[in-house]
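Chemist: Residues per chain, in single letters:
2 protein chains.
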Amino acid sequence: MDTINGQNRTDCIGYKDFPAHVGETVCIKGMIHRIREMTGFAFVILRTARETVQCVYSPDFSDYRMDESVAEGCAVKVTGKVVKDETREGRYEMQIHGIEVLSSPAEPMPLVINKKQLDNIPIDLDLNLRPVTLRNPKERAVFKIQEGIARGFREYLFSQGFTEIRTPKICAQGAEGGANIFKLDYFGKQVFLAQSPQFYKQMLVPVYERVFEVGPVFRAEHHDTSRHLNEYISMDFEMGFIDSFYDIMNMETGALKYIMELLKKDYAEELALWSAQLPEIGDIPVVKFMDAKEVITKKFKKKITDYRDFEPEEEQILGKWAKKEFGSDFLFVTHYPSEKRPFYAMDDPADPAYTLSFDLLFRGIEITTGGQRIHDYNEQVAKMRARGMDPADFESYLMAHKYGMPPHGGLGLGLERITMHLLGFKNVRYASMFPRDINRVTP
Amino acid sequence: MDTINGQNRTDCIGYKDFPAHVGETVCIKGMIHRIREMTGFAFVILRTARETVQCVYSPDFSDYRMDESVAEGCAVKVTGKVVKDETREGRYEMQIHGIEVLSSPAEPMPLVINKKQLDNIPIDLDLNLRPVTLRNPKERAVFKIQEGIARGFREYLFSQGFTEIRTPKICAQGAEGGANIFKLDYFGKQVFLAQSPQFYKQMLVPVYERVFEVGPVFRAEHHDTSRHLNEYISMDFEMGFIDSFYDIMNMETGALKYIMELLKKDYAEELALWSAQLPEIGDIPVVKFMDAKEVITKKFKKKITDYRDFEPEEEQILGKWAKKEFGSDFLFVTHYPSEKRPFYAMDDPADPAYTLSFDLLFRGIEITTGGQRIHDYNEQVAKMRARGMDPADFESYLMAHKYGMPPHGGLGLGLERITMHLLGFKNVRYASMFPRDINRVTP
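The listed protein sequences correspond, in order, to chains A and C. Mapping of the first sequence onto the numbering used here: position 78 corresponds to residue 78, and the numbering continues sequentially without gaps. Mapping of the second sequence onto the numbering used here: position 144 corresponds to residue 144, and the numbering continues sequentially without gaps.
To be clear, the hints were calculated from the coordinates, so they are not data collected in a lab. All figures in this text were calculated on a predicted structure; none of them were measured in a lab. Among the hints, a few may not be true.
Using C-beta positions, here's what the derived DEER-type ranges look like [unchecked claim]:
| # | chain 1 | residue 1 | chain 2 | residue 2 | range |
| --- | --- | --- | --- | --- | --- |
| 1 | A | Asn439 | C | Asp17 | 48 to 58 Å |
| 2 | C | Phe41 | A | Gln7 | 56 to 66 Å |
| 3 | A | Asp283 | C | Tyr64 | 34 to 44 Å |
| 4 | C | Asn439 | A | Glu294 | 50 to 60 Å |
| 5 | C | Gly161 | A | Gly177 | 41 to 51 Å |
| 6 | A | Pro312 | C | Arg91 | 50 to 60 Å |
| 7 | A | Ser244 | C | Ala392 | 56 to 66 Å |
| 8 | C | Gly327 | A | Gly177 | 54 to 64 Å |
| 9 | C | Gly161 | A | Glu89 | 17 to 27 Å |
In silico EDC-like links for lysine to aspartate or glutamate, alpha-carbon gap of 20 Å or less [what the hints assert, rightly or not]:
| # | chain 1 | residue 1 | chain 2 | residue 2 |
| --- | --- | --- | --- | --- |
| 10 | C | Lys77 | A | Asp243 |
| 11 | C | Lys115 | C | Asp126 |
| 12 | A | Lys189 | C | Asp437 |
| 13 | A | Lys189 | C | Glu221 |
Note that CB positions come from ideal geometry on N, CA and C, so glycine has one too.
The following block holds chain A by itself, in its conformation from the complex:
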């Protein structure tokens, strides 16, 4: 009887193991990323899980004769001797003794992926060819960095006593209202795709006190902009027993600091490919919405046309102001007008026209919306009625309030959006592996 014991054996090593094997004959597996023919020898660049590895073919090293079966796009096992790279300090390479071709492509690449970066191709071509363009090391680095952001968010919240939840994406109601909700036929009944996990994370506050989720949300955005995706990854948390919504802002700031440290520690090679400058997060300044409007008019002489929200240009102004005045890439703006915030936002008892809420601006662009929520049943029902909503439509959500829940609040952070701004992309699609927009559902 055969048995499986869970031991992951491999005859080969990875590039990280090279320094310990200098002078030894070993093997390594990877995709042939590039072949550079020189006079009398050749470089065979392997693309492995995270590195590219230089292997050198020369008849001087062995009797092996490389032929045209060894081509770009092949999966190969290369055997050879590990040596120091004499031309690049601290790097290692392999002198090829033999190459075993494990699989071969049917066609040559449809575009060049093995230069430092992709050529300046139209975004639609890039996205249409994602299974290929992501093979470029700089392109794939984006989503390794994105992995790190989500990992940091999760690890930090675990350290703060949060429980990870996974809430349904097929829902009977939308949590955020408005027209941007996808409808779905569900065995003859109309249901919706979740716009956010808002209801569920609130319902779970009386259960676990602190909860978070990293998962997809769906917004039927009818506009084709550079900032919106119709499906994106939302990093959400919700925490009970807060003293004020400042507790939420502190939790987020702690998470962001942890994320930046994690990226520096574990994702330095990927960041270097993008020459990304990670923000230093010190003390983040806090300004009230109306005070921010005053800064915009008084210091920047801009006429305010809308006192209910910011225009993108105003956020840019505030970003510059935070950098100049406080040396901060980040700025918390608090106390947004009630009429522009959702029905579950808690109004400020000191001035109910405003809410106990905040946005976080990063380099002048909003990356988070959060705040304290209403926990009192009667207060929530009254606010729903005042907005023309029928509390009966929200029966299971309101169970949380009806049977008792602590003062609480939380936030949502778009994973693609923070990736985009960290790497300086002009279009959020570059921060999504397989973006969905009004015109695109492939690949």
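Starting from the structure of chain A, add chain C where the hints point.
Modeler: Below, chain C alone, put in the same frame as chain A:
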């Protein structure tokens, strides 16, 4: 100017801190889970994020007088002295000096949640009242354990060089075929909800070699069974450069061993509430599909009516056989018939009627399906055509094959299903916080 520095301050402590504060006056926050009035004193049981904490009210301890504002369902801050619980070895309690009510419920609980377990209520009532029933410590423990399973899966795969991916749930094609796919109107175009991340994880093998995802998948199951959900969490991985599909089985076995160790280490209290017996995972026996059929006929005298797949009863028989013959809760069955496996499964070159695939049975129930996939473009196109599929419909998926991908394979593991069997539930709905079935999209 106010600033936020990311320091999470709290004036109170948690139950885990009690041993270090014996004899001191501290505070703790929580939901009032239960009040037990005794003669001249009362127990006030707090439900905190992960523990229930016994607080004792008695006029002997302080001048504080508890009144009816302190009720079950209130969120409170209790101040008092930490003492050893004289009746329960190793436990601590608080002598109440004062209670501050932070919020109050609008109504008393609609059912009893503060006993050791919920009363034996109909499943529909339990699920309808999920925001309430999950407040029972034994109920909420299910999803804390589920958190641990997913965390273990992720942590193990990170340790093995995998990259975490997040693939789109709105798709142009279904990956698994069949009728159980949800259709969605997407700006006038028909699209689908992902049945699995299969295409995407394969496309990403030439990019990152090893990838995994823990995320929702959607199946339009028309049957109302105890084993199926219409939305569930799939734990998927895919790995390149395998020597055979045994590499996948070893990776899964390593992951399962890690998960069980993690549960023992970090989730012991939750497991104890369910008296859950975690399986010991030693060497897992492996049997070929046709040999397993022979075991069923020869050793168990059952007549086989279908040589293409197992009936649930046959899996039960194999589970008992594995336990009796090999002392194993797990059994790998390999080489399933080609006609019952998906179009991307690799046929066995030694006998193309069977595939290089496996199922993992846990206590006689299938929890995983996996195997080696076709990596050669022409082979994949030929198998599609043989099944009446048009390769043109899968253009972006086939880019992975066309431009080269290594030998690879992977698997999917249903998070709710493994939770269900670990805790011995008869219905998978108990292993989903907010289950979706043909009749249910709420809460």
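Chemist: Keeping to a limit of 20 Å between CA atoms, is the pair of Lys189 (chain A) and Asp437 (chain C) held or broken?
Modeler: Judged against 20 Å, a Cα distance of about 12 Å means the pair holds.
Chemist: Between the beta carbons of Gly327 (chain C) and Gly177 (chain A), is the distance compatible with 54 to 64 Å?
Modeler: holds, 57 Å
Chemist: Taking the Cβ atom of Asp283 (chain A) and the Cβ atom of Tyr64 (chain C), is their distance within the range 34 to 44 Å?
Modeler: holds, 39 Å
Chemist: Could you see if the CB distance from Phe41 (chain C) to Gln7 (chain A) stays within 56 to 66 Å?
Modeler: For Gln7 (chain A) against Phe41 (chain C), whose Cβ atoms are near 58 Å apart, the range 56 to 66 Å holds.
Chemist: Run the distance test for Lys189 (chain A) versus Glu221 (chain C): straight-line Cα separation, threshold 20 Å.
Modeler: holds, 15 Å
Chemist: Taking the CB of Gly161 (chain C) and the CB of Gly177 (chain A), does the distance hold inside 41 to 51 Å?
Modeler: holds, 43 Å
Chemist: Against the range 17 to 27 Å, how does the distance between the Cβ atoms of Gly161 (chain C) and Glu89 (chain A) compare: consistent or not?
Modeler: holds, 26 Å
Chemist: Do the Cβ positions of Asn439 (chain A) and Asp17 (chain C) conform to the proposed distance bound of 48 to 58 Å?
Modeler: holds, 55 Å
Chemist: Between the alpha carbons of Lys115 (chain C) and Asp126 (chain C), is the straight-line distance 20 Å or under?
Modeler: holds, 15 Å
Chemist: Quick check: does the Cβ-Cβ distance between Pro312 (chain A) and Arg91 (chain C) fall within 50 to 60 Å?
Modeler: Between Pro312 (chain A) and Arg91 (chain C), where Cβ atoms are some 56 Å apart, the hint holds.
Chemist: If I claimed the Cβ atoms of Asn439 (chain C) and Glu294 (chain A) lie 50 to 60 Å apart, would that claim hold in this structure?
Modeler: Between Asn439 (chain C) and Glu294 (chain A), where Cβ atoms are some 55 Å apart, the hint holds.
Chemist: Holds or violated: 56 to 66 Å for the Cβ distance of Ser244 (chain A) and Ala392 (chain C)?
Modeler: The hint (56 to 66 Å, Cβ to Cβ) holds, given that Ser244 (chain A) and Ala392 (chain C) are roughly 58 Å apart.
Taken one by one, the earlier hints all hold for this structure without exception.
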